[in-house]
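*Asks:* Protein chains in written order, with numbering that gives the first Met the number 0: chain A, 0 to 378; chain B, 0 to 315.
Some hints could be false.
Unchecked claim - In silico BS3-like cross-links for lysine-lysine, where the CA-CA straight-line distance does not exceed 30 Å:
id, chain 1, residue 1, chain 2, residue 2
1, A, K210, A, K287
2, B, K286, A, K210
3, A, K287, B, K83
4, A, K110, A, K88
5, A, K210, B, K133
6, A, K287, A, K374
7, A, K210, B, K83
8, B, K310, A, K374
9, B, K83, B, K139
10, A, K210, A, K374
11, B, K133, B, K83
Since the hints were made in silico from the structure, they are not lab data.
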Amino acid sequence: MNPMLGFRAMVYKEVLHALRDRFALIFAFMMPLFQMVILGFAVDTNVRQVPTAIFDQSGLTSGDGTAGSSASREFIDRLRNADTFHVYKFVHSDAEMNEEMVAGRARVAVKFPPEFARDLLRGETAQVLVLVDGSDSSVAGQAVTVTGQIGLDESLRRLLGEQAARPIEVRPKIMFNPASRSPNFFLPGMVAILLIFVTTMLTAFSVVREKERGTLEQLLVTPVRPLALMLGKITPYFALGVAEVCALLLFMNFVFEVPIHGNPLLLTLLSSCYLFVNLTIGVLISTKANSQAEAMQLAMMIMLPSIFLSGYIFPRDNMPWIFFGLSYLVPATYMVNISRGVILRGAGPAELWLDALVLFVLGVVVLLLAVRRFKSMIV
Amino acid sequence: MAAIIADNLVRRFDAFTAVDGISFTVQPGEIFGFLGPNGSGKTVTIKMLCGILPLSGGTAHVDGIDVGQDPDAVRARIGYMSQKFALYDDLTVRENLRFYGMVYDLYGRRLERRMDDIIARINIETYLGRQAGKLSGGWKQRLALGCALLHEPTVLFLDEPTAGIDPVARRQLWDLLFELSGHGITFFVTTHYMDEAERCSHLAYIYYGRIIADGTPAELRRLPGITPERTYRLEITAGEVTAALRQARQIPAVRSATIFGRSIHALVDDACPQDQLTQMLTHSGVKIEEVRTLLPSLEDVFVELSERRQKELEAA
Ligand SMILES: Nc1ncnc2c1ncn2[C@@H]1O[C@H](COP(=O)(O)OP(=O)(O)O)[C@@H](O)[C@H]1O
Ligand SMILES: [Mg+2]
Numbered sequence: 000m001n002p003m004l005g006f007r008a009m010v011y012k013e014v015l016h017a018l019r020d021r022f023a024l025i026f027a028f029m030m031p032l033f034q035m036v037i038l039g040f041a042v043d044t045n046v047r048q049v050p051t052a053i054f055d056q057s058g059l060t061s062g063d064g065t066a067g068s069s070a071s072r073e074f075i076d077r078l079r080n081a082d083t084f085h086v087y088k089f090v091h092s093d094a095e096m097n098e099e100m101v102a103g104r105a106r107v108a109v110k111f112p113p114e115f116a117r118d119l120l121r122g123e124t125a126q127v128l129v130l131v132d133g134s135d136s137s138v139a140g141q142a143v144t145v146t147g148q149i150g151l152d153e154s155l156r157r158l159l160g161e162q163a164a165r166p167i168e169v170r171p172k173i174m175f176n177p178a179s180r181s182p183n184f185f186l187p188g189m190v191a192i193l194l195i196f197v198t199t200m201l202t203a204f205s206v207v208r209e210k211e212r213g214t215l216e217q218l219l220v221t222p223v224r225p226l227a228l229m230l231g232k233i234t235p236y237f238a239l240g241v242a243e244v245c246a247l248l249l250f251m252n253f254v255f256e257v258p259i260h261g262n263p264l265l266l267t268l269l270s271s272c273y274l275f276v277n278l279t280i281g282v283l284i285s286t287k288a289n290s291q292a293e294a295m296q297l298a299m300m301i302m303l304p305s306i307f308l309s310g311y312i313f314p315r316d317n318m319p320w321i322f323f324g325l326s327y328l329v330p331a332t333y334m335v336n337i338s339r340g341v342i343l344r345g346a347g348p349a350e351l352w353l354d355a356l357v358l359f360v361l362g363v364v365v366l367l368l369a370v371r372r373f374k375s376m377i378v
Numbered sequence: 000m001a002a003i004i005a006d007n008l009v010r011r012f013d014a015f016t017a018v019d020g021i022s023f024t025v026q027p028g029e030i031f032g033f034l035g036p037n038g039s040g041k042t043v044t045i046k047m048l049c050g051i052l053p054l055s056g057g058t059a060h061v062d063g064i065d066v067g068q069d070p071d072a073v074r075a076r077i078g079y080m081s082q083k084f085a086l087y088d089d090l091t092v093r094e095n096l097r098f099y100g101m102v103y104d105l106y107g108r109r110l111e112r113r114m115d116d117i118i119a120r121i122n123i124e125t126y127l128g129r130q131a132g133k134l135s136g137g138w139k140q141r142l143a144l145g146c147a148l149l150h151e152p153t154v155l156f157l158d159e160p161t162a163g164i165d166p167v168a169r170r171q172l173w174d175l176l177f178e179l180s181g182h183g184i185t186f187f188v189t190t191h192y193m194d195e196a197e198r199c200s201h202l203a204y205i206y207y208g209r210i211i212a213d214g215t216p217a218e219l220r221r222l223p224g225i226t227p228e229r230t231y232r233l234e235i236t237a238g239e240v241t242a243a244l245r246q247a248r249q250i251p252a253v254r255s256a257t258i259f260g261r262s263i264h265a266l267v268d269d270a271c272p273q274d275q276l277t278q279m280l281t282h283s284g285v286k287i288e289e290v291r292t293l294l295p296s297l298e299d300v301f302v303e304l305s306e307r308r309q310k311e312l313e314a315a
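Only chain A is shown next, with the shape it has when bound in the complex:
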């Protein structure tokens, strides 16, 4: 029997549902754009004028006294001129530096150790200690803090990069981002997360809704094939997802002025594999969930690893090995890589085909799981 029997009927019906509930459709479409605006600006403003305290001990060995060394003064001037930092105070002891941080007056403190100027003079690697305030425990706050940190690193690196002759080491590790603006780094990754809203969430609800209303039972008595039913439900949302990708890229490009170094068409094409996985995950969720509330909870369970394990916020290289391993199972990981690859590095198909293939295979596997679960509901 034709495994796609009923596919066209399902697409016809799903499109009608979507058009009938136009408000919900527009809302679903706009929400990722709003979120990009809100988070994008939050990131953007947070890495500007970060209150910074300086503790400079380097003058002690260079003979310049407590005013610091000429090397550190040059560095501090650069910090002052950078938009990212607002140097509001010089402190004179570890205790004082600590107090500024604890009181929340400084979100960043930069310490030049006594050996700083001496190490530079000897041609050895000099170290700068950077303290970043990480006390905000809310998720959004953490996101901002961490990206702030990234922005900070970027700025420091750029400032120091221009001084190539002088080996100065700043920790933590620095990320790849030519423009040194954190939105450039943050937004391409965010696309992967935002797309979940118009894919997994929507399909997760669409089957459950039919279960709740009893229309699914009515459908099961017809000869419609499970595969056709699921693909029919997925198809309209797939189109919506592609439109969403385009809208997000345009937004990123025009509102946040993030340049796309690679081919946007390639990015859209590769994203479609990601859309496919997310849609099938939604369908799998709905074969399991018995109510819309349950579907929502399960969808959130997909959301969290996507945010925290994909490398969108926390660099995967710094993860404990278990999370690093798990991150390979999270579709968003591949999408973050694809998105950053095309947008930031101008990567092409040669670099990214494997990520896209993994996504596609994941999608097929999840779809087959969903079909199997679905078949076990009927004879």
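Chain A is already provided as a structure; the job is to place chain B with the ligands on it using the hints.
*Replies:* Below, chain B with the ligands alone, put in the same frame as chain A:
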């Protein structure tokens, strides 16, 4: 060839047996009424016959096809209306019809022709553009019936099709069922209404998982033991029916008596023939208008059978 053959059907849910080895045969073109108290297993039986609930035991053939072997082939030949309205509220009448046609692989001209045919048959022209959720209960059921008919099924399963709709719509729906059954479609209908049961050509009564009666309405009324031995039933129409009831109940030969509208239904000992009873009543001042012998109603039959089965269950 029979339209439906159920042979020793069993359905268990964990330890609970919802359907406990039922068997029956429905001939083509029959309107088969499946009756029973709530929770007796009517819906479960229908779902098994439609191939959406696996059997725990027994076999079922629908239109000659073994449901367990080839549920897909069964689904292509049957129509099903679940006990809950299960069309898409936000789609219009026409869109619902078109969708169900497409699901059965009807497209283009053939689909349009089938739709026109169904629309005329269920007489729903006026509401074609209305969203299904905004139809009245009666029209919803007609639409559901229409959707179930689009692919010209040979057997239709209707689970409580008239629950919660008004009497006029109920009557009209049944008229439609008769018309369709005249075209050779077999109906499997569950209902709680005795007047609907009377209209079925074949009845089965299921009581907590077991079928305890199976036959035409006339056969069921003549089942032994429904009217106790050496008694007969009378319908007595009289003025001042409550006073008459009181008098009737004082006569020892009257085993039981109840009011139906302006009449009394009485169960009388054979020892006291009809003439003698009328005389006794007239004597005590009852103005009798009409007396006739009565077969038990289907309700009498089902109540009696249920009580009997209940006693068996308690004894066991
Ligand atoms: N999916 C199920 N799981 C467990 N029990 C069920 C299920 N479906 C029905 N039942 C039980 O089977 C019995 C018969 O139900 P049903 O066929 O719906 O009755 P009705 O005759 O009113 O249609 C009921 O006791 C019901 O609770
Ligand atoms: Mg029922």
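*Asks:* All hints are to be evaluated individually against the structure, with a verdict given for each.
*Replies:* Cross-check of the supplied hints:
no., hint, in the structure
1, K210(A) - K287(A), "holds, 11 Å"
2, K286(B) - K210(A), "violated, 60 Å"
3, K287(A) - K83(B), "holds, 22 Å"
4, K110(A) - K88(A), "holds, 12 Å"
5, K210(A) - K133(B), "holds, 21 Å"
6, K287(A) - K374(A), "holds, 12 Å"
7, K210(A) - K83(B), "holds, 12 Å"
8, K310(B) - K374(A), "violated, 42 Å"
9, K83(B) - K139(B), "holds, 11 Å"
10, K210(A) - K374(A), "holds, 14 Å"
11, K133(B) - K83(B), "holds, 16 Å"
In this structure, the earlier hints numbered 2 and 8 are contradicted, and the remaining ones agree with it.
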